[in-house]
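Asker: Mind docking these for me? Both chains are given alone in their own frames, and the hints should help you get the complex.
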Amino acid sequence: MRLSLRHAAEATILSLISAALFVGFFRLNNLIFSALEHSQGVNWIFLPAGFRVLLVLGMGLPGCVGIFLGNLYLDQEHLRHGHATLSLLTGVVSGFTPWVVMRVMNHWRMLSMELKNLNHQQLLNFTLYYAAANAIVHQMLWALLKVHDHQMWVELWPMFVGDLLGALLMLYAFKGLLHMIKPGFPSSSSL
Amino acid sequence: METNKSPFASAYLRFLQLARAVQALPEGEEMDANELALLEAVVLRWHEDKPMTVREAIGLERLGSPATLHKRITRLREKDMLATLNLEGDRRAKYLTPTKRSLAYFDHLGQSLTQVHQATLA
Chain A
1 MRLSLRHAAE ATILSLISAA LFVGFFRLNN LIFSALEHSQ GVNWIFLPAG FRVLLVLGMG
61 LPGCVGIFLG NLYLDQEHLR HGHATLSLLT GVVSGFTPWV VMRVMNHWRM LSMELKNLNH
121 QQLLNFTLYY AAANAIVHQM LWALLKVHDH QMWVELWPMF VGDLLGALLM LYAFKGLLHM
181 IKPGFPSSSS L
Chain B
1 METNKSPFAS AYLRFLQLAR AVQALPEGEE MDANELALLE AVVLRWHEDK PMTVREAIGL
61 ERLGSPATLH KRITRLREKD MLATLNLEGD RRAKYLTPTK RSLAYFDHLG QSLTQVHQAT
121 LA
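Chain order of the listed sequences is A and B. Positions 1 to 191 (the numbering used here) are the ones given, in order, by the first sequence. Positions 1 to 122 (the numbering used here) are the ones given, in order, by the second sequence.
Keep in mind the hints are simulated off the structure, nothing from the lab. Check each hint, because a few of them may be wrong.
Stated by the list, open to error - Quick look at which bits of chain A chain B covers, simulated, 3 or more residues with Cβ under 8 Å:
#: 1; segment: 27 to 37
#: 2; segment: 50 to 60
#: 3; segment: 166 to 178
To be verified - Derived pair list, reagent style DSS-like, types lysine-lysine, alpha-carbon separation capped at 30 Å:
#: 4; chain 1: A; residue 1: Lys175; chain 2: A; residue 2: Lys116
#: 5; chain 1: B; residue 1: Lys50; chain 2: A; residue 2: Lys175
#: 6; chain 1: A; residue 1: Lys175; chain 2: B; residue 2: Lys94
#: 7; chain 1: A; residue 1: Lys175; chain 2: B; residue 2: Lys5
#: 8; chain 1: A; residue 1: Lys116; chain 2: B; residue 2: Lys100
In this text, a Cβ means the ideal position worked out from N, Cα and C, and glycines have one as well.
This is chain B alone, in the form it adopts within the complex (with noise of 0.2 Å):
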């Protein structure tokens, strides 16, 4: 195997490298599984159609208490994972639904799945 990389081949491997975890730095805005469970229950209903609201989504009793899941809730739209609506003609409900941000998230765990899918396959 070739080992002795000139000096410009050998930067730019190292500067693959170091890109790769520049990347990785954390930012910080990390979900934790209890904020992803939370978010994936939204989206689903969301994407079924029937978007749920914030009082649904503090009564899942399954994934904590009401005082937990609106502090949860309010950490995911501080986080740009979630976002409120209301609809026309009712004001007083207001309406869960996922971001350009969280979307991206789903599309790139999306991606990641038909690439280990292909990766099997091949």
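Bound-form chain A, shown alone (with noise of 0.2 Å):
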């Protein structure tokens, strides 16, 4: 019993710490990259998108809730003002879309859960099949509740590209990191 507390409490911990990282590159992406929103929502580069790929595959679960409720801490705007079934589930959909693609891949031999023997070509797979994905069930659920002004035709593609160069542009800047981090040369693959 003590150890499923002890569980509860570090997954909750990680959970806040992915909601506020996510939150703060959601800030973050909307004061460098707003020239390039294409409408409410949709960006063609989203950092966060990124962020989404680091804290899910990273954390697992925990990871996958805190984008949740980073999402509905940025959507209490619409909470307060009727629209809790939107942001519930945009939050939904924000946060354990990447999960799901990870279970796919995982049932089809594609991805281990625990990421063991994870290499690049696996990591970029995840990263694409997650931008499609996301982009998909996003622009479905906002048809499906009839958004308003919502074309779901026209912000797909928007989402798919932004989603996929905002989840390259932090998997690039996170091996920069490491790289500082960490000098030496990398592997003879990137040569």
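Answerer: See below:
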């Protein structure tokens, strides 16, 4: 019992860290790339998408819960103004789509849920599938809920490109950071 | 075997796996086997204190035609694996020398060889 309480506390802390990082990068993205916003919630470069990849791969389910909570925090205005269903479901889609993609890839033996023997090819495949799934599920949800002014087939592509570019930017920024922290020559495959 | 890892331990181990995969992400600057063969030939001559000129390098028939080798040298220079040097008193000859990046690459290969050797002995 003591062990499970400790596990729950650790998972909660990881979720809160995940939520804080997601919200922080959402705000940072708005500051840097606001000019590239295609429509509300759809950006040609979306850095938090990259953070979703890192958080979900790095933390697993607590990372997903954190992204969900972060989305709720960012959508406070919508929650207050009677769009609770939209905000909740957008949060669920945002937080758990990468996890579902992981499960599906795990089912097809393309990725281990524990990231065992993860290589860069699997990481890039996951990023691509996640960006596609995230854009499709978000757009389907907004079409089903009849979000005002929403045009599914127009917004699908910017969202896919934005998520993919944002994720790749974040992954390479992470690579640069690791290289700075741990200087030295990278693996032979990178030359 | 203990499989019930705590969320912190699990996150840390996942982070290590993720970091390893991220570090191996391609940078679009991979060398192919032909470029590596040319780089090795140039660096060996430099190591023997007889740096190779560009003219000599494009004359290495076993590695390709002069036009092909010239393109290969250009690509290696763009990848910061080769540099050129003019010696005092002879402005016509352009010598090829390794860069910090290419020396780091050979250093990395040397370290890997040592690790494999130690692992084999252990």
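Asker: Hint by hint, note whether the structure agrees.
Answerer: Verification of the supplied hints:
Restraint check on the segment 27 to 37 of chain A versus chain B: 0 residues with Cβ-Cβ distances below 8 Å, three needed, restraint violated. With a cut-off of 8 Å between beta carbons, the segment 50 to 60 of chain A has 5 residues touching chain B; three or more are needed, and the interface restraint holds. Evaluation of the coverage hint for the segment 166 to 178 of chain A: fulfilled, as 5 residues show C-beta separations to chain B shorter than 8 Å, against a requirement of three. Proximity of A/Lys175 to A/Lys116 is assessed by CA-CA distance (about 19 Å); at most 30 Å being required, the pair is judged to hold.
A distance of roughly 38 Å separates the Cα atoms of B/Lys50 and A/Lys175; the hinted pair therefore is violated under the 30 Å criterion. This hinted pair does not check out: A/Lys175 and B/Lys94 have alpha carbons roughly 36 Å apart, beyond 30 Å. Proposed proximity of A/Lys175 and B/Lys5 is supported: the alpha carbons are some 27 Å apart, at most 30 Å. Between A/Lys116 and B/Lys100 the alpha-carbon distance is near 34 Å, which puts this suggested pair outside the 30 Å criterion.
In this structure, the earlier hints numbered 1, 5, 6 and 8 are contradicted, and the remaining ones agree with it.
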